[in-house]
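Chemist: If you want the building blocks of each chain, they are given just below.
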Amino acid sequence: MAILVDNDTRLVVQGITGREGKFHTGRMVESGTNVVAGVTPGKGGQEYEGVPVFNTMEEAVEETGANASVVFVPAAFSADAIFEALDFGMSTVCCITEGVPVHDMMRVANYWRIRHATLIGPNCPGVISPGKANVSIMPADIFTPGNVGVVSRSGTLTYQIVNELTQRDIGQSTAVGIGGDPIIGTDFIEILKQFEADPETECVVMIGEIGGNAEQNAAEYVQSEMTKPVVAYIAGFTAPEGKTMGHAGAIVSGGESTAEAKSEALQRAGIRAATNPSEVAELVAEALGTSS
Amino acid sequence: MAILVDNDTRLVVQGITGREGKFHTGRMVESGTNVVAGVTPGKGGQEYEGVPVFNTMEEAVEETGANASVVFVPAAFSADAIFEALDFGMSTVCCITEGVPVHDMMRVANYWRIRHATLIGPNCPGVISPGKANVSIMPADIFTPGNVGVVSRSGTLTYQIVNELTQRDIGQSTAVGIGGDPIIGTDFIEILKQFEADPETECVVMIGEIGGNAEQNAAEYVQSEMTKPVVAYIAGFTAPEGKTMGHAGAIVSGGESTAEAKSEALQRAGIRAATNPSEVAELVAEALGTSS
Amino acid sequence: MDLYEYQGKELLRQFGIETLEGVVAASPEEAKKAAEQLGGGTVAVKAQVLTGGRGKAGGIKVVKEPAEAEEAAREILGMDIRGHEVRQVLIEAGAEIASEMYLSILVDRTEKKPLILFSTEGGVDIEEVSERNPEAIVRIYIDPLVGLLPYQVRELTFDAGLEGDVAKGVGKVLGNLYKAFTESDASLVEINPLVATEDGRVLALDSKVTVDNSSLFRHSDIADLHDEEAADPEEQRAQEAGLQYVKLDGDVGILGNGAGLVMSTLDVVAQAGGEPANFCDVGGGANADEISEALDIVTANKQVKSVLFNIFGGITRGDEVARGLLSALERSEISLPIVVRLDGTNAEEGREILAENTPENVYTEETMLDAAKKAVELAQDGGR
Amino acid sequence: MDLYEYQGKELLRQFGIETLEGVVAASPEEAKKAAEQLGGGTVAVKAQVLTGGRGKAGGIKVVKEPAEAEEAAREILGMDIRGHEVRQVLIEAGAEIASEMYLSILVDRTEKKPLILFSTEGGVDIEEVSERNPEAIVRIYIDPLVGLLPYQVRELTFDAGLEGDVAKGVGKVLGNLYKAFTESDASLVEINPLVATEDGRVLALDSKVTVDNSSLFRHSDIADLHDEEAADPEEQRAQEAGLQYVKLDGDVGILGNGAGLVMSTLDVVAQAGGEPANFCDVGGGANADEISEALDIVTANKQVKSVLFNIFGGITRGDEVARGLLSALERSEISLPIVVRLDGTNAEEGREILAENTPENVYTEETMLDAAKKAVELAQDGGR
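Chains as they are written, first to last, in the UniProt record's numbering: chain A, 1 to 292; chain B, 1 to 292; chain C, 1 to 384; chain D, 1 to 384.
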């Protein structure tokens, strides 16, 4: 198994003919993902990397039986693309695009169909189940199949930590970048829930940062509902108040949104917390009982 | 048992201080319904028939643990009242009010919370589970407890048919008036499904009329999913095209909406169809094997 | 409430949808002047009636000059089209039409959502297209809480095979039409045909708009368009009295309480070999004023030869209903035979009261079937 | 993007929310003239800064006549309030205030819905109220697809115990504020205090509006309000270059790729006993131009004594990153010590390339921790 994407994933790339869409479609195909279709309005009938392009999701789904999508369309049109993906039954939708308006995302997040699908992002690196499917812009070669689930609000920080896991021969079941925006589809908790239920996953790494209180909610969930060990890392202890630190959602704007508050919540919940990224792999090895 | 309302129903009357609200609250209390609260904005703190009145549903639910509501507020404000009832967790909402704008009802009907509740109406007589709860404007004394479920788009026609059932000593489990508007909350099918699942119900009477194609959909459902006998009656064979026959939704506006088309669909589905209201009780007696 | 073509087009224009230039005329002279005003060239003279099929009935004529427009108006004005008298014509400028399409938005009762229908086969009856070639119709449901999404507009144009300016033009019309539909609380907005012109414009050549009666309280501008003259005088009077009344062709006048029961009563009368003269729902109460007004309206129809009054006593008990009816009958001077069927709570008491006090022309029956038979019989005997 | 009080109020007025009459002034003379223009009586002179706490900092003065307004403006203009220079004051007319309330709408990240906060305890810090007396705050979530419903407005006024004109007035403001919030793509609209006047009006005495940066493409009018002068010059330059840059107080300049990695780098530097001088995310690529621009911006801060460049090679491999960095270094004339830490795909190759070709002031390290320690050490040694 794995969560969200795997060998059964039949992926459609929304915005396949754009620069980013093209580039990452190539990479996703290369890393073994079953990319069955692309959608770009007006480009129907073309082909890219052997992938047929359609004008609409309706057509793409009808013709190819796609069940998941990744969104590369420009920010102004991303919400529309997500609605389209949800309306045509995608069970997983990954929105990579950065800069999607917050109000657009609130509308998407409150649409009834979202309750029957998992929306990852926006402003996220995507999802990868090493060796099975790569629905992401992440560098697939630093990943290796295994039993650690990773869920993160950050991209490169995830790569950093995954790379160290892989170097220690600790593989990953699935890595999920949930995105750095204030309003994202799926929060930590939903992913933790799926990892808890996934027989392949034995330990979970959670990478948080300043802004919001998703880490606190996740900590409560871990304490009350999870049996699998969780290792966490929080970034942004030195972030000043009121400044956006790269991610639109990474901003200290009150008590709960600070790294200290999140860190304290993790500790209260008895979660192993690393003080720097490299410590994460050590703590995971410990938790798995494989530390040398 | 019974469906929708029973001895566990804790009813709140929305619009309790209006003329209709007051009158029917008295009757519902009289017929043994557990009316726990009323809501009229600005009238909080008053009492009517021993029922405390609150300003908001929030307060009413908090103070009384209400789980169902009946709406008597004027048509222009009915959708707002239904949203309020749904937001505060009512599992059954009965909207009696006539003349609610169709677009308001489309919004309500597509609200995600509606999927967790049963909305009866608008423009309906309500629901009665004889001897248990009366959430309706129906004359409770013509009903008697028993094993026939009744679902109808019409009020007086239901009374007529129920009265004849009762006169034959055939009691009713629950009678549901789903309403005569073009857009109603719950259609025949959802109610048939509940009757099929209700151990107390042994036979179902379905009363339809011109307009829409809900009867056809119901017929299909009966044929493919129901084990219990269904007796049907359709009104409006003599209705001319394009004229609203009393109910806003009772209008012939194309092939499917005629009484003939509905009647044919019933026959195709093997449903016992009465040619006049009085025949219904006969067919029910036959179906129950109690005909004399 | 249905709007006339010219009113519907005015509404469409308010929402940014292009139509041809047109002027309404109520006389041949006005029609001529209108044609001159539109440039003196080819115009269409179109009957304004709240029903379909005017084309087949000869209600639309295309003419080449103002004098011909006057002549055409003279022929069309006063015409009876499916029971509707033509009292106005719309004089409309011509256009170079490249293609005819169909576009409508209606309330879908099953899905409880607005449904968009589009076809490149326009100008003909959409039900016909639907039967002959269902594939030719694109159907798109809209979530009313989300509204029309850009992808749905694209889907429509791609599915219909539209391209270039026409695709863009149809997309723009659709966006505006959805706005018109929701903001006017319409239950139907239909443009048939929606045309593409030779010079690449997309415009509405006809309009059919029905606005939800229940919403008129928040659309006083639309409510003001209500055409009292077009309605049947009895229907108009019933509406003012708050009664539900529909005039039909038969001779058995029918009253009852509750829409379903009255519809059923009509059916039972037909089954008994009679022809109902009307539908009339007097509502739940037993108010003597209301009953008497309803009786007056039903019997104002000179075709009526007998009256069937079918009452189910529910919350209002049979005895009260009987007293209300008697008091109403006392006030009116109806000599037609009236069959009263009273059922429900305290029906027996009610029937007794009636039996003791009714005038000669009132008959009571216990069942709907018997009452219907009696009323039909009396009508066939000639009534008054 | 944050709006100044006076800009926020202009927006509120566009949506029908009443405020006091006010005039913006950039000099004491203008302030005097403004006070005269407002009738010559009592006015408030209020510092316009994009930060809170101006009241406590002496940035608001109430004066009785124009000459005093001039004097107050002279004192306030040029003030530094939490790092923000006051360059404008708002001169505002007085009002007879009966009560002060608090009203805001913000984006709730957990519920993913607009959240309305209201309190009858206005004019003070809402977080304080929240801690001291959480019951005093009414919270209402709005479904963005449904919008603000009438029952929610009633709920707010009833729960807060409002009555009469004030209840009506607050309800009206709330409806307008929700419209302003959604139609402006705001992430926060706050009115503190919202006041009821002695004569029963409800008006906004202050405003705090933050508009979602991601939405500015559809709000050119708001985007135009962006105040370039108020921004730190390096932040401004970084923004133009498309870099994510935030200036801090320390002496270790920091660059890296990816927001999370850079935040983490700052933390690790602090743990090593150093103080980060900035946050700078150069993005995913290894474009020499971008790296060189980023290095220039980071080192333009004269406090910087050493630079830490933390790169994880992902899709862009380590060797490419190394080459990009070298090319950037060749072009710039930075003499400050630069610690490069390169990890990820092909990191070893990258480090080798750097080792062979780098100038003297560039140090390479294998781990973040070692790199941080080195950079801190170099900064403490005095850097340049």
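Bear in mind the hints are in silico, worked out from the structure with no lab data behind them. For every residue, glycine included, the Cβ atom is placed at its ideal position computed from N, Cα and C. Hints are not guaranteed to be accurate.
Stated by the list, open to error - The list that follows gives simulated cross-link-like pairs (lysine-lysine, BS3-like), each with its CA atoms no further than 25 Å apart:
no.: 1; chain 1: C; residue 1: 168; chain 2: B; residue 2: 243
no.: 2; chain 1: C; residue 1: 56; chain 2: A; residue 2: 43
no.: 3; chain 1: A; residue 1: 193; chain 2: D; residue 2: 208
no.: 4; chain 1: D; residue 1: 208; chain 2: D; residue 2: 179
Stated by the list, open to error - Among chain A residues calculated to face chain C with C-beta under 8 Å, some are:
no.: 5; residue: 56
no.: 6; residue: 62
no.: 7; residue: 80
no.: 8; residue: 83
no.: 9; residue: 141
no.: 10; residue: 145
Chemist: Has the given pair, residue 193 of chain A with residue 208 of chain D, been kept, meaning a C-alpha gap of at most 25 Å?
Modeler: 38 Å, violated
Chemist: When the nearest CB of chain C is found for residue 62 of chain A, is that gap smaller than 8 Å?
Modeler: Status violated, d = 11 Å.
Chemist: Hold the hint about residue 145 of chain A up to the distance rule: shortest CB distance to chain C must be less than 8 Å.
Modeler: 36 Å, violated
Chemist: Hey, residue 56 of chain C versus residue 43 of chain A, does the alpha-carbon distance stay inside 25 Å?
Modeler: 44 Å, violated
Chemist: Hey, does the residue 80 of chain A contact hint survive, CB to chain C under 8 Å?
Modeler: 5 Å, holds
Chemist: Quick one, is the residue 56 of chain A hint okay against chain C at 8 Å, beta carbons?
Modeler: It holds, given that the least Cβ distance between residue 56 of chain A and chain C is near 5 Å, below 8 Å.
Chemist: For the hint on residue 141 of chain A, just tell me whether its beta-carbon gets within less than 8 Å of chain C.
Modeler: With Cβ-Cβ at 35 Å, over 8 Å, it is violated.
Chemist: Below or equal to 25 Å on CA atoms is what counts here, so check residue 168 of chain C against residue 243 of chain B.
Modeler: This hinted pair is violated, its Cα atoms lying about 38 Å apart.
Chemist: Check whether the Cα positions of residue 208 of chain D and residue 179 of chain D lie no farther apart than 25 Å.
Modeler: 16 Å, holds
Chemist: Should the interface hint for residue 83 of chain A be scored as holding, given a Cβ-Cβ cut-off of 8 Å against chain C?
Modeler: 5 Å, holds
Checked against the numbered hints given earlier, the structure breaks hints 1, 2, 3, 6, 9, 10 and satisfies all the rest.
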